[in-house]
Amino acid sequence: MAQKLYGATTVDVDAEGFLTDFAQWTREVAAAIAKEEGIAELTPAHWKVIDYIQKDFKENGQVPSIRKLNKSGVISTKELYDLFPGGPAKKAAKISGMKKPEGCV
Amino acid sequence: MKRLLILGAGTAGTIMANLLRRRLPRAEWAVTVVDRDNDHYYQPGFLFVPFGFYGREDIVKPRSKFLPRGVEFIVAEVDRIDPAASKVLFQDGSDLPYDYLIVATGASIVPSETPGMLDGWRDTVFDFYTADGAEALGEKLKAFPGGRIVIHVNETPIKCPVAPLEFAFFCDDCLRRHRRRDQIDLVYVTPLDGAFTKPVASKVLGAMLAEKRIEMVTEFNAERVDAAARKIVGYDGREVPYDLLVTVPTNMGSEMIERSGMGDEFRFLPTDPKTLRSKKWENIFAIGDATDLTSSKAGSVAHFQAEILAENLVGAIEGKPLEAAFDGHSNCFIEAGKKKAILIDFNYDVEPLPGMFPFAKVGPMPLLKPSRINHIGKAVFRWIYWHVLLPGRPIPFVPSKMKMAGKKRPVEDGAGSAGKGIPEGGDRSVGGGDRSGGSAGGAAGASKAR
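Protein sequence lines, in the order shown, are assigned to chains A and B. Note that the numbering used here numbers the first sequence so that position 51 is 71, with each residue one more than the last. Note that the numbering used here numbers the second sequence so that position 188 is 229, with each residue one more than the last.
In short, the hints are calculated from the structure, not lab data. Remember, predicted model here, so these are calculated numbers, not experimental data. Be careful, since some hints might not be right.
[Said to hold, decoys possible] Capping the alpha-carbon separation at 25 Å, the derived lysine-lysine pairs in DSS-like fashion look like this:
1) Lys239(B) <-> Lys119(A)
2) Lys320(B) <-> Lys78(A)
3) Lys88(A) <-> Lys315(B)
4) Lys120(A) <-> Lys315(B)
5) Lys442(B) <-> Lys88(A)
6) Lys88(A) <-> Lys321(B)
7) Lys444(B) <-> Lys91(A)
8) Lys24(A) <-> Lys239(B)
9) Lys321(B) <-> Lys78(A)
10) Lys120(A) <-> Lys320(B)
11) Lys444(B) <-> Lys75(A)
12) Lys449(B) <-> Lys75(A)
13) Lys120(A) <-> Lys128(B)
14) Lys88(A) <-> Lys449(B)
15) Lys119(A) <-> Lys181(B)
16) Lys444(B) <-> Lys315(B)
17) Lys120(A) <-> Lys449(B)
[Said to hold, decoys possible] Derived coverage of chain A by chain B (criterion: at least 3 residues anywhere in the stretch with Cβ under 8 Å from a Cβ of chain B; other residues may be distant):
18) 61-71
19) 101-107
Using N, Cα and C, we set each Cβ at its ideal position, and we do this for glycine too.
Put together the whole structure using the sequences plus the hints.
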């Protein structure tokens, strides 16, 4: 199991840098992962998405799909791409301290 | 008289009708099955139609032929389920009460979910997930003068997640045989970060795409199709031009589920991944493509789930705790072209691995490696589907629970015997040292080949 140091916090991560233990997640860790992913600062708009992902995971045990974020009125897919450029589903999950979304086989 | 009602007479619903009619006493229980028509398609056969291997007549039979005696079959359009009242309402205004309900209404393609996709429908944009689509695509391919064929997965999850890969491999093979491969570019576009969701298989399949000179575009989420300009446009601004777009549109559950207010954002029914009972209603169970489970949407999965569901439904009727647990078992043949196929066997926890199947060492079917015997296996499977799988009979040596025997996890450095056949060269960007090669490897391997 690999470890990473973000600021003063050491976290366990998988081969792609996703946290393996959500208990180790902090807002500072989130900000540091975001920087690595090319997001200089987490704005309130980012936090709205992160909070929703964490809440939904707690309720349903699954990282919500982009479609769900869109349909639940949290954020449109276009805006999500603007906030988390590249692969928003993966990036938002990583910053939120989730495991890599399964995307279903 | 109590009633078990099954909505859907596809793979899952038909197996359940056969299994439960045998287990529920006829004097006490009526078993009723409802579907909107009487055409049962062998869906794995759709892939073969555009290449002329099968015609429509080879893959369709009456649904009623596969339902056992003592089962009532109703052809009607269901308007919605009323779970609070335990009844189903039909579009003609009539209704049917149930004591237990099994939702087996499957999933289908919804091209209208992507703006612009229908503009070019069956002109330059085709699907092969319907009988009509597969036939139309076959005609189109015959007359296709050359250019760029883009094989596109719009959004996950999709039914039979390997089908678009098989389509790409078949296309390559077919074009080579007709000596037309040089005039045609093949491109594979996926929202995933590699050829498949799971790392080891993603690497093997990604390498096969590269070897066959099929360009791969990963992490592509289509915002719209511009049919006039013949290109798909991604949310991130990337554009993929095509002359012929073979797409797997967004897959969704039945509209009836949405009308009933019971579905998730894909109209799939929230289902307990182990017991297969609805997360919300005690007398409703779900099976196959209609569920929101993370297991593959495939016939083999429905077959493996069936035994678990039968056990739990009988348990629920008897007031016992639901003890049978589905493990996510999936098993599928992936046609690789040149009359060879790959076999994969996996579950919720164990990704597809190399090895031998169903017996360790002697096989005879190798896992995660193209072989002739797997191709024959897939051909034979059509017969097994109608005669063994649908009647709910066990497939010899292939139990519902996945077996670990015969499977080998490739070693990180590829030194182990199981490492053979797994191409090297995944870049393990972060951390490394995990038990598998890392799915970044699949994507990296492919992007290098571009």
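Exercise. Straight-line Cα separation of lysine 449(B) and lysine 75(A) no greater than 25 Å?
Worked result: violated (37 Å)
Exercise. Within a Cα-Cα threshold of 25 Å, do lysine 444(B) and lysine 75(A) meet the stated pairing?
Worked result: violated (35 Å)
Exercise. Can the restraint linking lysine 239(B) and lysine 119(A) be considered satisfied, given a maximum Cα separation of 25 Å?
Worked result: Satisfied, since the Cα-Cα distance of roughly 14 Å is no more than 25 Å.
For this session: Three residues minimum, CB to CB under 8 Å: does the segment 101-107 of chain A make the cut for coverage by chain B? Let me know.
Result: That given contact holds, which follows from 4 residues of the segment 101-107 of chain A lying within Cβ reach (below 8 Å) of chain B.
Exercise. Do the alpha carbons of lysine 119(A) and lysine 181(B) lie within 25 Å of each other, as the hint requires?
Worked result: Distance ~42 Å between lysine 119(A) and lysine 181(B) Cα, so the pair is violated.
Exercise. Is the hinted pair lysine 120(A) and lysine 320(B) satisfied, with a Cα-Cα distance of at most 25 Å?
Worked result: holds (24 Å)
Exercise. Keeping to a limit of 25 Å between CA atoms, is the pair of lysine 444(B) and lysine 315(B) held or broken?
Worked result: holds (17 Å)
Exercise. Given the proposed pairing of lysine 444(B) with lysine 91(A), does the C-alpha separation stay at or below 25 Å?
Worked result: Given that 25 Å is the threshold and the Cα spacing comes to 39 Å, the pair is violated.
Problem set entry | Proposed proximity, lysine 315(B) with lysine 120(A) (alpha carbon, max 25 Å) | Holds, at roughly 21 Å.
Problem set entry | Hinted pair lysine 88(A) and lysine 321(B), Cα distance within 25 Å | holds (19 Å)
Problem set entry | Agreement of lysine 24(A) and lysine 239(B) with the hint, judged by alpha carbon distance not exceeding 25 Å | Holds, at about 24 Å.
For this session: Quick one: see if chain B covers the segment 61-71 of chain A, three-plus residues with Cβ-Cβ under 8 Å.
Result: It is violated, with 0 qualifying residues against the three required.
The structure does not agree with the numbered hints 5, 7, 11, 12, 13, 14, 15 and 18 stated previously, though it agrees with the rest.
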